[in-house]
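Peer 1: Take a look at the letters that make up each chain.
Protein chains: 2
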Amino acid sequence: MTITIIGTGLIGGSMALALKEKGFADKIIGVDDNIMHQRKALELYLVDEVLSWEDALPLSDLVILAVPVNIAVKLLPLILDLTDKQVLMDVGSTKEELLNVIAYHTNRRRFVGTHPMWGTENSGPASVVRGAFVNRATVICNKEKSDIDAINMVEKVYRALGMRIVYMDAKDHDVHVAYVSHISHIISFALANTVLEKEREEDTIFELASGGFESTVRLAKSDPLMWLHIFIQNRENILDVLNEHISQLRKFKVSLEKGNYVYLQELIENANGIRRILK
Amino acid sequence: MTITIIGTGLIGGSMALALKEKGFADKIIGVDDNIMHQRKALELYLVDEVLSWEDALPLSDLVILAVPVNIAVKLLPLILDLTDKQVLMDVGSTKEELLNVIAYHTNRRRFVGTHPMWGTENSGPASVVRGAFVNRATVICNKEKSDIDAINMVEKVYRALGMRIVYMDAKDHDVHVAYVSHISHIISFALANTVLEKEREEDTIFELASGGFESTVRLAKSDPLMWLHIFIQNRENILDVLNEHISQLRKFKVSLEKGNYVYLQELIENANGIRRILK
Numbered sequence: 001m002t003i004t005i006i007g008t009g010l011i012g013g014s015m016a017l018a019l020k021e022k023g024f025a026d027k028i029i030g031v032d033d034n035i036m037h038q039r040k041a042l043e044l045y046l047v048d049e050v051l052s053w054e055d056a057l058p059l060s061d062l063v064i065l066a067v068p069v070n071i072a073v074k075l076l077p078l079i080l081d082l083t084d085k086q087v088l089m090d091v092g093s094t095k096e097e098l099l100n101v102i103a104y105h106t107n108r109r110r111f112v113g114t115h116p117m118w119g120t121e122n123s124g125p126a127s128v129v130r131g132a133f134v135n136r137a138t139v140i141c142n143k144e145k146s147d148i149d150a151i152n153m154v155e156k157v158y159r160a161l162g163m164r165i166v167y168m169d170a171k172d173h174d175v176h177v178a179y180v181s182h183i184s185h186i187i188s189f190a191l192a193n194t195v196l197e198k199e200r201e202e203d204t205i206f207e208l209a210s211g212g213f214e215s216t217v218r219l220a221k222s223d224p225l226m227w228l229h230i231f232i233q234n235r236e237n238i239l240d241v242l243n244e245h246i247s248q249l250r251k252f253k254v255s256l257e258k259g260n261y262v263y264l265q266e267l268i269e270n271a272n273g274i275r276r277i278l279k
Numbered sequence: 001m002t003i004t005i006i007g008t009g010l011i012g013g014s015m016a017l018a019l020k021e022k023g024f025a026d027k028i029i030g031v032d033d034n035i036m037h038q039r040k041a042l043e044l045y046l047v048d049e050v051l052s053w054e055d056a057l058p059l060s061d062l063v064i065l066a067v068p069v070n071i072a073v074k075l076l077p078l079i080l081d082l083t084d085k086q087v088l089m090d091v092g093s094t095k096e097e098l099l100n101v102i103a104y105h106t107n108r109r110r111f112v113g114t115h116p117m118w119g120t121e122n123s124g125p126a127s128v129v130r131g132a133f134v135n136r137a138t139v140i141c142n143k144e145k146s147d148i149d150a151i152n153m154v155e156k157v158y159r160a161l162g163m164r165i166v167y168m169d170a171k172d173h174d175v176h177v178a179y180v181s182h183i184s185h186i187i188s189f190a191l192a193n194t195v196l197e198k199e200r201e202e203d204t205i206f207e208l209a210s211g212g213f214e215s216t217v218r219l220a221k222s223d224p225l226m227w228l229h230i231f232i233q234n235r236e237n238i239l240d241v242l243n244e245h246i247s248q249l250r251k252f253k254v255s256l257e258k259g260n261y262v263y264l265q266e267l268i269e270n271a272n273g274i275r276r277i278l279k
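Sequence lines, in order, name chains B and D. Position one of the first sequence corresponds to residue 1 (this note's numbering), numbered consecutively onward. Position one of the second sequence corresponds to residue 1 (this note's numbering), numbered consecutively onward.
Hints should not be assumed to be uniformly reliable.
In this list, chains with the same sequence are indistinguishable; a pair is considered to hold if it fits within one copy or across any two.
[Unchecked claim] Pairs of lysine-lysine, DSSO-like flavour, derived with a Cα cap of 30 angstroms:
{"id": "1", "residue 1": "Lys258", "residue 2": "Lys171"}
{"id": "2", "residue 1": "Lys253", "residue 2": "Lys156"}
{"id": "3", "residue 1": "Lys156", "residue 2": "Lys20"}
{"id": "4", "residue 1": "Lys22", "residue 2": "Lys253"}
{"id": "5", "residue 1": "Lys198", "residue 2": "Lys74"}
{"id": "6", "residue 1": "Lys145", "residue 2": "Lys198"}
{"id": "7", "residue 1": "Lys145", "residue 2": "Lys74"}
{"id": "8", "residue 1": "Lys20", "residue 2": "Lys198"}
{"id": "9", "residue 1": "Lys22", "residue 2": "Lys258"}
{"id": "10", "residue 1": "Lys20", "residue 2": "Lys85"}
{"id": "11", "residue 1": "Lys171", "residue 2": "Lys253"}
{"id": "12", "residue 1": "Lys198", "residue 2": "Lys156"}
{"id": "13", "residue 1": "Lys85", "residue 2": "Lys253"}
{"id": "14", "residue 1": "Lys145", "residue 2": "Lys251"}
Since the hints were derived computationally from the structure, they do not count as laboratory data. These numbers come from a predicted model, not from an experiment.
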């Protein structure tokens with residue numbers, strides 16, 4: 001099978017690597033606007049050749065759209081215009097806007113909206129990870145809007161990657177990821193700013209940065225433009241979660257301020273409940 | 001050399017393991033109120049025998065106090081009362097209150113206040129980590145208040161553990177750790193509460209928890225009472241940082257609410273600056 005991957009970055013590149021190694025793809029065509037990424041993807045044997053998406057589409061059985069979400073909403077309708085028997089899928093962090101954009105497109109049923117729940121703070125083909133995706137969840141959204149053969153192929157892709165498939169409505173997906181992914185990034189960006197603000201006064205602070213700090217602030221290294229557009233597309237849900245999170249933080253603040261340590265203990269013990277859910 | 005470790009949990013136990021394996025200690029005596037911890041520490045060969053601290057002290061060259069910070073402030077003066085030539089050190093997350101408590105003690109100079117910047121969300125002797133501490137920073141506070149032989153011995157301990165020693169005033173230490181450790185824990189506890197609040201409505205949310213979420217929320221699994229007392233002892237500094245962090249989060253909220261995406265992008269790009277400091 002020939003697979004075209006549009007966007008040879010962390011997700012597209014790691015997927016290319018895995019699908020080739022699993023023998024799922026006979027040939028992978030890479031599409032990327034960034035010439036440095038094109039070269040790197042070829043050099044790392046992530047892709048067999050680089051073409052424009054217009055040239056790659058007719059040669060492909062499957063096209064994986066792995067570009068930032070603001071680019072996906074512009075590009076997907078154009079690709080669908082030229083789609084015939086190919087299956088198309090995306091891997092973006094937001095789903096509702098993208099699915100709305102193509103809701104009435106003639107070739108809508110050739111497309112499957114998905115979101116594999118894996119990533120790192122790094123980007124670009126140089127940051128690909130071997131064995132990415134394994135044992136993680138992936139979401140397929142609004143299954144009923146896609147052709148059965150398209151869904152079947154996408155399911156095979158994710159099974160080849162070793163992922164657990166969850167089916168979900170795009171609207172629900174966007175609410176959930178606001179909680180389990182997007183808010184973590186906002187928190188991490190804000191924590192980095194909190195500490196960087198202080199760092200103007202004090203240099204040694206970073207001498208001390210321990211594992212706890214590093215794991216909380218790691219996500220603040222993530223690609224700014226990619227995340228900017230995720231936040232914009234999922235604005236309403238993120239605002240809900242952010243308001244809730246600020247109100248949770250204020251409970252810690254008030255209990256500390258007032259010396260209400262019984263309540264502070266309750267807050268911490270309640271948070272410990274996350275152990276029930278995340279092992 | 002005979003070393004007594006009071007508190008055979010994550011820090012004390014991991015230290016015992018390393019000091020024995022490095023040949024730094026000939027014998028390690030464990031002290032622990034918790035009988036299960038005593039048994040586990042013996043079973044895992046972290047300690048050679050278990051005694052009360054009163055019995056262990058006269059047999060020891062070095063005593064490492066590795067108990068929660070609220071217990072340390074009560075126990076340290078009692079130990080110092082009976083201290084003769086032994087060297088005492090602690091490993092707690094807060095330093096100012098502890099050093100104030102013993103400021104005028106006759107044997108003050110036998111004690112060295114320290115804080116190795118390493119930990120995990122787990123506690124107890126069963127959670128010890130082989131190779132902990134290596135390449136991390138450790139703080140020695142108010143060096144000038146301790147005897148030179150005591151400082152020398154503590155420096156040797158940390159060099160044996162492979163740590164980088166930073167010297168600092170206790171007051172400065174407590175400000176710094178509020179930024180690089182304590183705030184990360186509060187954020188993580190608050191994030192856990194944010195998500196657990198939502199989970200009442202939705203179960204599938206945790207199906208999706210990805211690496212980013214797990215790393216941000218990991219610290220919320222930490223021992224509640226241990227952290228409660230760290231927060232209480234470092235209350236003023238933590239409140240400063242928490243206020244700054246909430247105000248940084250509000251910048252994200254306001255820019256999203258108002259659709260001021262130029263500013264939102266600036267906030268994210270500024271946060272990215274953490275890459276300069278944490279590789």
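Peer 1: If a hint holds in the structure, say so; if it doesn't, say that too.
Peer 2: Structure-based check of each hint:
When the C-alpha separation of Lys258 and Lys171 is checked against a cutoff of 30 angstroms, the pair qualifies only between copies, where the shortest distance is 22 angstroms, while the shortest distance within a copy is 40 angstroms. With identical chains, the CA atoms of Lys253 and Lys156 are never at most 30 angstroms apart, being 49 angstroms at best within one copy and 40 angstroms at best between copies. In this homomeric assembly, Lys156 and Lys20 come within 30 angstroms of each other (Cα to Cα) only inside a single copy, at 14 angstroms, whereas the closest approach across copies is 52 angstroms. Taking identical chains as interchangeable, the C-alpha atoms of Lys22 and Lys253 are never at most 30 angstroms apart, the minima being 51 angstroms within one chain and 43 angstroms between chains.
Taking the shortest Cα distances, Lys198 and Lys74 never come within 30 angstroms of each other, neither inside one copy (40 angstroms) nor across copies (33 angstroms). Proximity of Lys145 to Lys198 under the C-alpha cut-off of 30 angstroms is restricted to the inter-copy arrangement: shortest distance 28 angstroms between copies versus 50 angstroms within a copy. In this homomeric assembly, Lys145 and Lys74 come within 30 angstroms of each other (Cα to Cα) only inside a single copy, at 20 angstroms, whereas the closest approach across copies is 66 angstroms. For the identical chains of this complex, Lys20 and Lys198 are neighbours neither inside a copy (47 angstroms) nor across copies (39 angstroms), given an alpha-carbon limit of 30 angstroms.
In the homo-oligomer, the alpha carbons of Lys22 and Lys258 never lie at most 30 angstroms apart, since the shortest distance is 58 angstroms inside one protomer and 47 angstroms across protomers. When the C-alpha separation of Lys20 and Lys85 is checked against a cutoff of 30 angstroms, the pair qualifies only within one copy, where the shortest distance is 22 angstroms, while the shortest distance between copies is 67 angstroms. When the C-alpha separation of Lys171 and Lys253 is checked against a cutoff of 30 angstroms, the pair qualifies only between copies, where the shortest distance is 21 angstroms, while the shortest distance within a copy is 33 angstroms. Proximity of Lys198 to Lys156 under the C-alpha cut-off of 30 angstroms is found in neither arrangement, the shortest distances being 49 angstroms within a copy and 32 angstroms between copies.
Proximity of Lys85 to Lys253 under the C-alpha cut-off of 30 angstroms is found in neither arrangement, the shortest distances being 57 angstroms within a copy and 44 angstroms between copies. Neither within a single protomer nor between protomers do Lys145 and Lys251 lie at most 30 angstroms apart by alpha-carbon distance, with minima of 43 angstroms and 38 angstroms respectively.
The structure shown violates the earlier hints numbered 2, 4, 5, 8, 9, 12, 13, 14.
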